[in-house]
Structures are given as structure tokens and as C-alpha cells.
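Going down the list, the sequences are from chains S and G.
Its first residue numbered 1, the first sequence is counted upward by one per residue in our numbering.
Its first residue numbered 1, the second sequence is counted upward by one per residue in our numbering.
These are computed hints drawn from the structure, not numbers from a lab.
Do not take every clue at face value.
[To be verified] Sample of chain S residues lacking proximity to chain G, with all beta carbon distances greater than 12 Å (derived):
hint, residue
1, D131
2, I271
3, T281
4, E301
5, E366
[What the hints assert, rightly or not] Selected chain S positions facing chain G (Cβ under 10 Å, derived; list incomplete):
hint, residue
6, L264
7, T273
8, V300
9, V304
[Stated by the list, open to error] The list that follows gives simulated cross-link-like pairs (lysine-lysine, PhoX-like), each with its CA atoms no further than 25 Å apart:
hint, chain 1, residue 1, chain 2, residue 2
10, S, K288, G, K199
11, S, K72, G, K275
12, G, K231, G, K210
13, S, K339, G, K290
14, G, K199, G, K228
15, G, K344, S, K290
Glycine is no exception: its CB is placed at the ideal position from the N, C-alpha and C atoms.
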Amino acid sequence: MANKVIGFLNLFDSPNLGALTEKRTLASTSFLGRFAFMDFALSNFTNSGIDSINVLVKDNFRSVSKHVGNMKTWVNNTKIAMQNILVNEKGIRSPKDNTDLECLLQNDWVLYEAKADVVVIQPAHIISPIDFRPILEEHFESDADVTVVYKHIENADESFRLNNVLKVKDGKVMSVKKNSGASKEADVSLETYIIGVNTLQMILHSSELLKLKSLKKAVAKLVQEKSARVHAYEHKGFARCFDSLQHFVDYSFELLDYEVAKDLFLNDWPIYTVTHNTPPTLYGPSAKVKNSFVANGAVVEGKVKNSIISRYVTIGKGAVIEDSVILTGTYIDAGAVVKNAVVDKYSHVVKKATIEGKKTSPVYVEQGTLVK
Amino acid sequence: MAEKMVAMILAGGKGTRLEALTKKIAKPAVSFGAKYRIIDFPLSNCANSGIRTVGVLMQYESVGLEQYIGNGEKWGLNGVRSLTTTLTPRQTDEGLSWFKGTADAIYCNIDFLDSCNPEYVLILSGDHIYCTTYDGMLKECEEHNADCTISVYQVPIEEASRFGILVTDEKQRIVEFQEKPAHPTSNLASMGIYIFKYKTLRKYLVEDAKNPKSSHDFGNDIIPAMLKNQKRMYAYVYQGYWKDVGTISSLHQANMDLLLSTEETNIQEISNGNKIYSEDTPSRPQYIGKHASVSDSLINQGAVIYGDVKHSVISNEVIVSEGAVVENSVLMTGARVKRNAVVKNAVLAPFAYVDRDEIVGDDSGKIVLYSKKKAGK
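Start from the sequences and build out the full structure, keeping to the hints where you can.
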């Protein structure tokens, strides 16, 4: 019989992007005007045929549950599938125990109920189209206990700085260390794991590993102590780690270039998201738009350049938006100017007001701000 | 449990005047307004009116439409006490027969209506563009204790001879029905939207089915028969945007009505504060290119524009290449306009392919339909 695979989306290592992720986790933060970050990882499960999807939530439960709802958006068969948002209830009483390992342990009923043989765990803040089917195949063929998905990059000095770097030999992970940023070339872990259920149970019931308070560290320990067969799988496709506001802005704008975007939006790899039943984008007679993503529900009458405009954003006549990300439901009145800024949801930039940041340090405008 | 009002949407027609657009799909499934299909409008109206049971009657090219309707989930009509069902001609004890007319289509599904046991039946057309709720119409129907309430649209009197016209007394009670009258005495055009008391409707449907001379049509047979018997029939005057899109040029015009530059209407105005529900495609974000220019247009997610788009309505997955010009046109799902091509005063069918330097449409004032696909596709 085929091995039963279930998926976990691990939100415990979600980076803090300052005020942008104050009231929401990065996983449910708006991306490219149309998506939430977690849509990409969840669609990886869907497109790989993994129907049992569980979200390990650390905090900001509201914004996660608002986005995923009953998760029907990402499942193939709505009866066979199992979808859960998993909270570590013990962690509410004792925040220091609120770790991904504890969350998995508290919710290990999922493993029994699904009769899982193997689990796939991935984070939401690394955007990467990953097909788990060949990885699972290799995992079983190599008879590994754990498979770590990694990517070879040439800018490790300025990206994936919160991730681990692997030393890989003949498909095996020989050692794991933090990315010190000292070298440009590195094999960085995508914090994406295939783990046999027996190995996972062993980890969850080892008081020594639980003390490490993170799955990432527990896997590193297994490698260090050679106590498990840890296989390495190289992902050759697109991957970006959204770990700072600057990266959020840079990596968003980078996708305006079709040559980059075509590696993320693959033809046979649709990205599913929640429908908001928004009408199409309405451009007025005086609209001037260049090199931008614009979401449905937006009404554009002004000038927009090198920017990302989200749902239900209204841009008045003569307003100028450049190199900026405008989030859902924000009003930019006629004549206002917004450059190098991230304007959060439901804000209102009134007539002739100006917001100007720098390319290397964009201004962030908090949700619901009235900018005069 | 008895339902207050069940909706029956007539979606069986071919829509011959839409030419190639309805060659493989029924008219209600034709793409509209960059994101929608025509039938999204009556279905969303039902959802927004709190109607829970909807039957969609179909005949011509029913498979594609049935697939689209599914269990009504796209319009939220799949909740615990909701039911969306597609009703097609079926084989019965008496044999197999096609729907012979609008009234016959309902008559053939009288067992379905009996099982719902509604107080009222709302008869809708699957090919009208309008956003409303039927609450006001039902309220008037109840106040008048009417057997039938017909929604009417006020048309200019000089155009009235193109419509089925209702003549009413001062209390809106219908006294006469004139089908395309040479000398109309009223400007109230029937919209083909009816609320019937189900008991009364049932009786007339059964009688009509027995009449070999009947064309089994609501407008031609049922309404005149009820009028003749002095049933309580009232007109409900509809306010707001409403379009029956029968031809390529009226379909084009209705699309253009959604734009901001259009006087009085645009998509936000037409939707009247209600949402229009539709299929959500897993599209990429809509992208407007570095050298593109886009103005006075309605564009859906997944479209990629590198060229110039002016006064147009563009569906998902459309690509307009650099140097191409699209003006006063409707581009349906997946249409491609290649480099330096010109599309003007045209409707491009889904997945239509306009090759490099090709010119589609002209300034003759006629809207052309272009449906050529890429060779080999």
C-alpha cells in the first residue's frame, strides 16, 4: 500500500517584519496584491496531491483563520481530506513552551487519525514552487529518516540569513550550521522536511530534543549526533526567503520582471487563493500605469509606476504612486504622492499629501492611518 | 420544508444572434464584463435575495453550463438549506422530449416544484445583465395578493413596438398585453421576470400542456390565458440598470457600460452595492508592462498588458503584446493579441488569436466578432 503523506505548514519560524507583521503573521500577509504568503506553500501541498493539510499556528490566530477559513480552497477531495489549524493550547498558559515541537506533540492525534506514514513540513515565509512527489520518492528510495530540502545559492551573504547552511555529500547531510553570511555560496536549508512518522515520534518524545524548542534545531542535532539518516534534496527552482521588510519590498518588485516571475508562476503549478468576489480592476480615462501588478477591485485614475496595488485600493486622479506597495482597501486621493512606501490596509492618504521613502529604506504606513 | 419562493432560471436558449460565441456554449455561459458569465447575474441576484432553492433549466449545449453551475457553490447556493439543481430534458415513462417552450420547460419539471412546495415561483431569464434583489417585487406581489407579478422596464415610447408591452390601470394592475404592438399605448416592457403564486401557475401549466395549439410560452400563452380569466396580475416597475444582450453589438455595448467614462453607469454603479459572484480562477496577478498604456478599461486578474489598451474590457489570461493596440473592444478569456496587431471595435472570443501586424475591426461602426484560434489549436 502507498505511504500515507500528510502536510504541515509550520508558522513558528515566521520572521518578524516589524509593524507589518505586528497584528498578523507573515503567512497571512498580503503578497503581490492578490495572495497571502501561505497560498504558495498550501498550493505546493495541493499540487503535490497532499490533501491532509495542518497549519501549526504560533500566534496571530485571527489573521490565519480569517484567511484559510475551512481550507477547502486547497484540497482536492473535500471528504477524504483533513484540514486543521493546530494551536498549542499548553503554550497559551506557558508561552515559553510555545514551540513547533510542542505544538506537534500536543496535536499528535492528527498523526494517528490520518494513519500517516510520513509528514511533509514547510514554512510559509519561503516562497518556492516545490513538487513533493519526486522528493518523497527519493526519500523512500534512499531509506532516509529525514529529508531536508535545500537550495544552492550564490548570495548567502545577504539572503537566507536566518536559515541553516548544510554540508551535503553524496545526498547526505553531513553537518548543519547557521548561515553566518561569511560566504556567498552556500547550500541553504529551505526549512522544508520530509520526516517518517516513527522518526517524528522519536523526536517528539525525546526530552533532550524538545528542550531545543525548534524542529530546525532538532534536525541539526540528529545530524550532529548521527542518530538518524538525514538525506538532502536539492531544489533547483525559484526560492526566496522573506525575512525583512527590505526583502519583502525587493522580492515583490523583482517579480514585476517576467523573466523572474515565470520561475515562480509555473504553467502547471497554479497558486490557489481565497476568493473575495471582487469586480475586475477599473481604470479611468486618465489612468497611467506602468510596470505594476494591480489586483481586482481596485479603481485607478492616477499614475502608478513600479508598484503593487492590492484589492479595493482607490487611486484618485492625478495621484502618483511609485515604487510602492499599497495594501487592501486604501484610498489615495487625487493629487497625493506616494513613493518608496508600504502603505498598510484601510489607510487614507488625503488630497495632496506626500509620503516619500528611499529605495533602500521604504517608509511603512500603519494599517488605518490617515495621512494628511 | 415548504419554501417561500423558489427561483427557476430559463437558460436553455442557443442565442443564435451571438454567432460563433454560442457555437459550443449556451448563451447564459457566455463571458461578460472581464470576469463574469452572463448567468452570474441572475444567480447572484437570487443569492443576494436570500432565495435558497434555484433550478436552472437548460437544453442547448447543457454540459458546459451544467459544469459551470455545479452545486451552486460559486454563488454560495450550496449551504445546508440551499439547493441548486440543473434541470435538463429527460427520459420519462412517456418517452423522451425536448422542452417545447419556456412554459413547457417549467411544466416538465413540475415534480421538482411540487417537491419544493413553494408559495411563490420566480421565473428568471439566464441571459439578462442586472443587479438587484427580488425582495421589493415579492413584497408588492404579496401586498397585491397577486397571482402573477411581472417586472417591467420603462422604455422610450418610440421603441415600445419592439417589446412585449403591458398596459396597466392606475394601481399597476395589468389590463392588457400587447406583443410588439404597432401602436403601443404604454411604455412598460415585460422583462420576462415573473413571480407566480405556485398554485395558480401549476393549474395554468397543466392546462397549457393539454392544449395542442399552444406554443407553450409564458409570453404567448400563459400570460394571455391568465389575463383572459381576469387573474390578479400586476406590473412591478424595475428601477436601475438592465440589459438583455441578444446580439454581438448589444453584448459589446453592455460591456462598455461597465467603464468609468460611461455616463451614469460603471461596474460599481451597476452592482448597486451587491456583490456579483463568479468563478475564481487561479490566475497570476494582473500585470501592466513597462511600455504599456491602459486607460478607461476594465481588466481581470491574470491579464498581461504590454501594449496599448483604451476603452476596453479584458478578461483573465489575455495577453496584449508590445506595440499592439486594443480599442473599444471586448477580449474574452485567454485571447492573444500579438505584437503590433490592432484590434478595434471588436469582440474577441475566448482564446482568439490575433497574429502579428494583423488588423481586426474597423471604423465602419459595426462591431465585429473575431474567433479565429491559433493554427493547430
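A quick look at each hint next to the structure:
1. D131: With a cut-off of 12 Å, D131 of chain S remains clear of chain G, as the shortest Cβ separation is near 16 Å.
2. I271: Non-interface label on I271 of chain S violated, nearest chain G Cβ at 6 Å vs cutoff 12 Å.
3. T281: Nearest chain G Cβ is 5 Å from T281 of chain S, so the label is violated.
4. E301: Given a closest Cβ separation of 7 Å, the condition is violated.
5. E366: holds (24 Å)
6. L264: Constraint on L264 of chain S satisfied, holds at 9 Å.
7. T273: Since chain G brings a Cβ to about 7 Å from T273 of chain S, closer than 10 Å, the hint holds.
8. V300: holds (8 Å)
9. V304: holds (8 Å)
10. S:K288 to G:K199: Distance ~58 Å between K288 of chain S and K199 of chain G Cα, so the pair is violated.
11. S:K72 to G:K275: holds (21 Å)
12. G:K231 to G:K210: holds (20 Å)
13. S:K339 to G:K290: holds (17 Å)
14. G:K199 to G:K228: At roughly 18 Å apart (the allowed maximum being 25 Å), K228 of chain G and K199 of chain G satisfy the hint.
15. G:K344 to S:K290: With Cα atoms ~22 Å apart, K344 of chain G and K290 of chain S stay inside 25 Å; holds.
In this structure, the hints that do not hold are numbers 2, 3, 4, 10, in rising order.
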